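S.K.: The lines below spell out each chain.
Number of protein chains: 2
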Amino acid sequence: MSLIINNDDEDEFVEKQILNQLSQENYAPVRLRSFINHYGTVRPRISTINRLRNHFNKFFNTLNCLYIINVLFDRIPIIRCLKEYNLRKNLFADIMSGMTVAIMHIPQGMAYGMLTTLPPIHGLYVSFFPVLLYMIFGTCPHLSIGTIAVISLMTAQAISGTPLQSFNIINNQSYVASNIYDEIVINEKVGIATTLAFLVGLIQLILSFLRLGFLTVYLTEPFISGFTTGVAIHVFSAQLPFIFGIKSPRGIQGAFKLPRFYFKLIGSIIQNINWISTVIAFTSIIVLFTAKQLNDRYKSIIRVVIPSELILIIIGTLISHFTQIHTFHGVSVVGPIKQGLPSPTPPPLQQISYLIMPAATIAMVSLCISISMGKMFSRKHNYKVSSNQELLAYGISNVVSSFFQCYPSSGALTRSIVQEGSGCKTQLVGGFSCIVLGIVIVALTPLFYSLPMGCLAAIVIVNMKGLLFQIKDFFFYYRISFLECILWIVTFMTVILFEVDIGLYAGLCTSFLINTIRTQKPHFVVLGQIDDTEIYKNAKLFPVAHQYDNIKILRFDESLYACNSPFFKRKFYELIGIQLRQEPLISYKKQNLNKIENIKYNYVILDCSPFNFIDTVGVKLLIEIYNDLKKRNIQLYLSECRYGVRRTLELMNFYEKTAPNIIYITTHYAVMSIRTESDTNLPKVTIATQV
Amino acid sequence: MSLIINNDDEDEFVEKQILNQLSQENYAPVRLRSFINHYGTVRPRISTINRLRNHFNKFFNTLNCLYIINVLFDRIPIIRCLKEYNLRKNLFADIMSGMTVAIMHIPQGMAYGMLTTLPPIHGLYVSFFPVLLYMIFGTCPHLSIGTIAVISLMTAQAISGTPLQSFNIINNQSYVASNIYDEIVINEKVGIATTLAFLVGLIQLILSFLRLGFLTVYLTEPFISGFTTGVAIHVFSAQLPFIFGIKSPRGIQGAFKLPRFYFKLIGSIIQNINWISTVIAFTSIIVLFTAKQLNDRYKSIIRVVIPSELILIIIGTLISHFTQIHTFHGVSVVGPIKQGLPSPTPPPLQQISYLIMPAATIAMVSLCISISMGKMFSRKHNYKVSSNQELLAYGISNVVSSFFQCYPSSGALTRSIVQEGSGCKTQLVGGFSCIVLGIVIVALTPLFYSLPMGCLAAIVIVNMKGLLFQIKDFFFYYRISFLECILWIVTFMTVILFEVDIGLYAGLCTSFLINTIRTQKPHFVVLGQIDDTEIYKNAKLFPVAHQYDNIKILRFDESLYACNSPFFKRKFYELIGIQLRQEPLISYKKQNLNKIENIKYNYVILDCSPFNFIDTVGVKLLIEIYNDLKKRNIQLYLSECRYGVRRTLELMNFYEKTAPNIIYITTHYAVMSIRTESDTNLPKVTIATQV
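Here the protein sequences line up with chains A and B, keeping their order. Note that UniProt numbering has the first sequence beginning at 1, numbered continuously upward. Note that UniProt numbering has the second sequence beginning at 1, numbered continuously upward.
It is worth saying that the hints were derived from the structure and are not from the lab. Keep in mind that a hint or two might mislead.
[Claimed, not checked] So the derived list for chain B, only partly shown, Cβ under 10 Å to chain A, looks like this: (1) Pro522; (2) Lys569; (3) Thr616; (4) Glu624.
[Claimed, not checked] In silico EDC-like cross-links for lysine to aspartate or glutamate, where the CA-CA straight-line distance does not exceed 16 Å: (5) Lys384/A with Asp74/A; (6) Lys380/A with Glu624/B; (7) Lys375/A with Glu624/B; (8) Lys630/A with Glu656/A; (9) Lys384/A with Asp628/B; (10) Lys465/B with Asp296/B; (11) Lys375/B with Glu624/A; (12) Lys384/B with Glu574/A; (13) Lys384/B with Asp628/A; (14) Lys384/A with Glu574/B; (15) Lys620/A with Glu221/B; (16) Lys375/A with Asp628/B; (17) Lys657/A with Glu624/A; (18) Lys380/B with Asp628/A; (19) Lys380/A with Asp628/B; (20) Lys620/B with Glu221/A; (21) Lys380/B with Glu624/A.
Computed from a predicted structure; not experimentally measured. Where is the CB? At the ideal position from N, CA and C, for every residue including glycine.
Let's have the full structure, built from the sequences with the hints guiding it.
M.R.: The following block contains the structure:
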């Protein structure tokens, strides 16, 4: 095929020549059908049974010893890691990184542990057991598993949502000493938390076995940002009572939880504020904040992360211990902490019915936070993180840890960044961190007796800074993408005004709805030719683009399917200037349809390049429009249909119901071919009228 | 710009010339940026405030007398209809059509009325009042409003789901005569049904005022088909007890309703079957069925619709009356019917809390059935049906009718087709039909005393035929579109196995999910040039398409956004042959990334023509890939980006983060430009190495 376009001046001779050539060749490779006959091949369709058989064959072929060993290596990545471990290169870096992270684990573990309404020691357990297990099964060396604010808060909510059976026991007894009562309640709460961890792990394992790791793609960035920001505000609010040294308002349930909480809190602060607590907490916040700022600024010079949180805890404990502010000024302190690692006890699983929904929510949230972080690090350091293997690792971590009085764990952003920054090389970092933590849990917990709760609250609040500042994401999305902004704000507001889990589901539903809404009213534009190139562009954006007298070229910037086909129809007729009747009374005459409306063109080309798929409703609409336009003496052509669309058209017998040659390969070929056609047609008409 | 491509033989000289020309012009109109500078215009962005101001100005300008009259005419279409009524042309046709439809209304009204578990007369009321009101406010002359099986069944379900207060009254009294008891219960049921109609109308009016008529686009064809088929099976099942002359099994609630219903029903049939009833019902079904078949076959000859249902009712009543089968053989008959039109009574609105959800469901179902029919007729006869005006008409019909002991009404398919076929011209058809029905209600109801219930059940069943046969839609969708098939079967199965309303919501959720799933794993293909044209096609489908040594051209057949960006990334690297590392241990070296993988090309072009939009996640991914490829000495180019995509890229500072000239106008220009570039680059390299 020869194709010459001379664009500098309209050389009519040359153009005629091409068109004639095209017509001589019977438009061979110009129309889709002939084009495919000429160049194409038919894709062999494999029947479903054969496809299944292939899958099974593949599966059985792999059942040999080597393969199984390989799978085992894939499932337990630490084997490969140990096998290939380079002592000289990695050991020192890993030990240093492990120590740094362990030093962060101690205060954070206690602070977040407190957030769950359990004794702080359980936070330390969560900093120990899941880390150890993730080291064995995880694939991302930079991810620091353990306590995290969001999950701790959600655990607290799950615990408060479960009715305690010990209330009944206590009510039945005539008199129970206050400390015994407290112990019974705390034991039961620990039981609930471990059951929760067990369920969370179980759900993650099931997801992993079903290979449903891909589901995390639905947890999109605006959604995660809105969700975590909302949760951060909850976490922040939960710390305020500790900051002001008062008791947390209780029994707030249902809608508008947070506003009502603040209402009660302010009243409580005015009545019972403990000034010493407040001063300690605010001093701690300011100190931590400055330390972090300094750390960030002089990172390049000192090259070591200052363990500001640990220093704060040590100083706080010392001051508190020697001034005895607990006894004399009623400042609440951590109090007695159990010593030693817990012996394995199965989670009680009694109140499982109350915990399934919270567990599902926690599993999903922990999943999306951890995996999104894992992916971030893998992008940065160019290694592969497998969603399904990660799921397996989280699942095993949670299930096994639940036997050691742990509540649900997850990957933590702040610690992971420190772990990465302190030069971690392999998963073994987790092991070295555990050694330090083990020593603390076994030997050093009594030292924390006098640590003021305000210090722990300060640590949480300062760590929330990044998440709270995500509010600026809202303005980012507002500027760039209206629908993503809607998703952000809906998720954020439902998290704030209702429970965390309601926010999760509302956000998910919104993100599905948005995918539909986005395709509702796409651009529908009239195209024009740019100079004499084969490029056709939106005539509104490119004023140079010229339109032919008798050809209208349209492009609908979205796949045509059920939800936008009414819009397509309305807009299509609007653009080609045909008004669908308003008055049902005027009788319908076929002949003079277009005379009324003064339509001057006879051809409409629909550029189908934006059609990524078409459904049955869309095909029916195209057939309907084709036939309607035919009545009005207008010919509809399509161009640039891709394989998927063509296949649906074929299955729907589109060509039989319209015309076999309705599709052109490109818009430009369609225009050229139409121009030849009308050139050859027009003279005939004039002759006919002359006779 | 001059562009000459000679394709018959590879004339190198000519090709070089073009490429040189392009390079001389500094690729001016080839790259997007220069193209826009050369030809384009910047679309003026109107600020939100100005846009709102424009809207308000437009609104206030319209507040004049003429406009208000016009709006009134639009809202009450019958005024225009009467003004322009052509007595000679339309009157006779309208009267004949009105009579025909009225004759259908009588048996159907009673049969569907029976389906609601109310006395059959209420079905006749529904055939009268809403029809009258729709005549005034409706826009579709061919639509026959009134009783319809689906809505009647849903009304019955709403009634059975509402606890009756009269049970309490009766339980408190020591002894109540059976007929008084029945009357109290029926009165309360009527109250519930009218409250339901009132609520349905109210919801439709609210939707109309909020101009939410467009929401019906979400009720897509596969969904409606699956839903109505499922409901038809419910309706069919509800008739079976009448067919076999037994009492309907009661108290079946919850999951797997229909299977459990059939289980009980079969037991009941075996025990209590009334043979006379069964014979009457089956004879009626066969007679009706044959009559309809004959009618269809000889439609062209006799040109009148035989009122077979009315004839059946008359004959059935006569036989039943003279043989007294009710008294002697226990065949259940219609019994005493109130005479005369009801006086206006406000609906009781007492049990409104139980009825809001069913009312919302009924409002949506009635809406989607009626509007889809209206659209069908408007397409056929080329007039416009406005969703919002229709909603107003249905709303007013239901609200006002609810004062006259009517249950919710809707447009009926079978009657509408008869109305169209019998030559209806204008809305006035409704009025003529009402005259006939008025006479029947006022004077003739006592005549139906002896009508066997089996005859009415037969009428319902024969009318369900079309809906039940929609099951073949499933096979249609199975063949053509997997996802639409899934939607159909999910909707159908949930309707059958659970309640009708659960099915509705499950179907809606599925249809939203499907829109997301569809975009998950699109085709991602490598393109090749066809001969020497500017056409680039999937190299797998077109084996002729040839790929250049150092250029990879890719096309991702879907918009790139959060939910498919992980797939995009994985597949992208797979297609260009780069393996993302599995082992986290090997240290990352920038220099020899590609040497390991033997990558031979230096350019990747991503054809963006299928991108209908891109979101922030997608843009970030493109930036990430661009920078990653740059490290590997591969240059990424985009081509054919449309306005929406370009705008998001600009807002995200895409050009600053990658390269200002990353986008080419077309894939072909990109290829040409790259070939010139590499031609000019390569010699330099050789010289450098020679030195």
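S.K.: Evaluate each hint against the coordinates.
M.R.: Hint check results:
1. Taking 10 Å as the C-beta contact cut-off toward chain A, the hint placing proline 522/B at the interface holds, the least distance being around 6 Å.
2. The beta carbon of lysine 569/B is positioned within 10 Å of a beta carbon in chain A (closest approach about 9 Å), and the interface hint is therefore held.
3. With 10 Å as the threshold, the beta carbon of threonine 616/B comes within range of chain A, its nearest partner Cβ sitting at about 6 Å, so the hint holds.
4. Given hint, glutamate 624/B at the interface with chain A, holds; its Cβ is 6 Å from that chain's nearest Cβ, closer than 10 Å.
5. For a cut-off of 16 Å, the pair hint linking lysine 384/A to aspartate 74/A stands: about 12 Å separates their Cα positions.
6. Proximity of lysine 380/A to glutamate 624/B is assessed by CA-CA distance (about 10 Å); at most 16 Å being required, the pair is judged to hold.
7. With a CA separation close to 13 Å, the supplied pair lysine 375/A and glutamate 624/B stays within the 16 Å bound.
8. For a cut-off of 16 Å, the pair hint linking lysine 630/A to glutamate 656/A stands: about 15 Å separates their Cα positions.
9. Between the alpha carbons of lysine 384/A and aspartate 628/B the distance comes to roughly 15 Å, so the proposed pair stays at or under 16 Å and holds.
10. Of the pairs offered as hints, the one joining lysine 465/B and aspartate 296/B holds, with about 14 Å between alpha carbons and a cut-off of 16 Å not exceeded.
11. For a cut-off of 16 Å, the pair hint linking lysine 375/B to glutamate 624/A stands: about 13 Å separates their Cα positions.
12. Straight-line distance between C-alpha atoms of lysine 384/B and glutamate 574/A comes to about 13 Å, which keeps the hinted pair within the 16 Å bound.
13. Of the pairs offered as hints, the one joining lysine 384/B and aspartate 628/A holds, with about 15 Å between alpha carbons and a cut-off of 16 Å not exceeded.
14. Between lysine 384/A and glutamate 574/B the CA atoms are separated by roughly 13 Å; this keeps the pair inside 16 Å, and the hint holds.
15. The straight-line distance between the Cα atoms of lysine 620/A and glutamate 221/B is roughly 11 Å, inside the 16 Å bound, and the hint therefore holds.
16. A distance of roughly 15 Å separates the Cα atoms of lysine 375/A and aspartate 628/B; the hinted pair therefore holds under the 16 Å criterion.
17. A threshold of 16 Å between alpha carbons decides the hint, and for lysine 657/A with glutamate 624/A the separation of about 9 Å falls inside it, so the pair holds.
18. Between lysine 380/B and aspartate 628/A the alpha-carbon distance is near 10 Å, which keeps this suggested pair within the 16 Å criterion.
19. Proposed proximity of lysine 380/A and aspartate 628/B is supported: the alpha carbons are some 10 Å apart, at most 16 Å.
20. For the proposed pair lysine 620/B and glutamate 221/A, the alpha carbon gap of about 11 Å is at most 16 Å, so the pair holds.
21. Under the criterion of a C-alpha separation no larger than 16 Å, the hint pairing lysine 380/B with glutamate 624/A is consistent with the structure, at around 10 Å.
When held up to the earlier numbered hints, the structure conflicts with none and fits them all.
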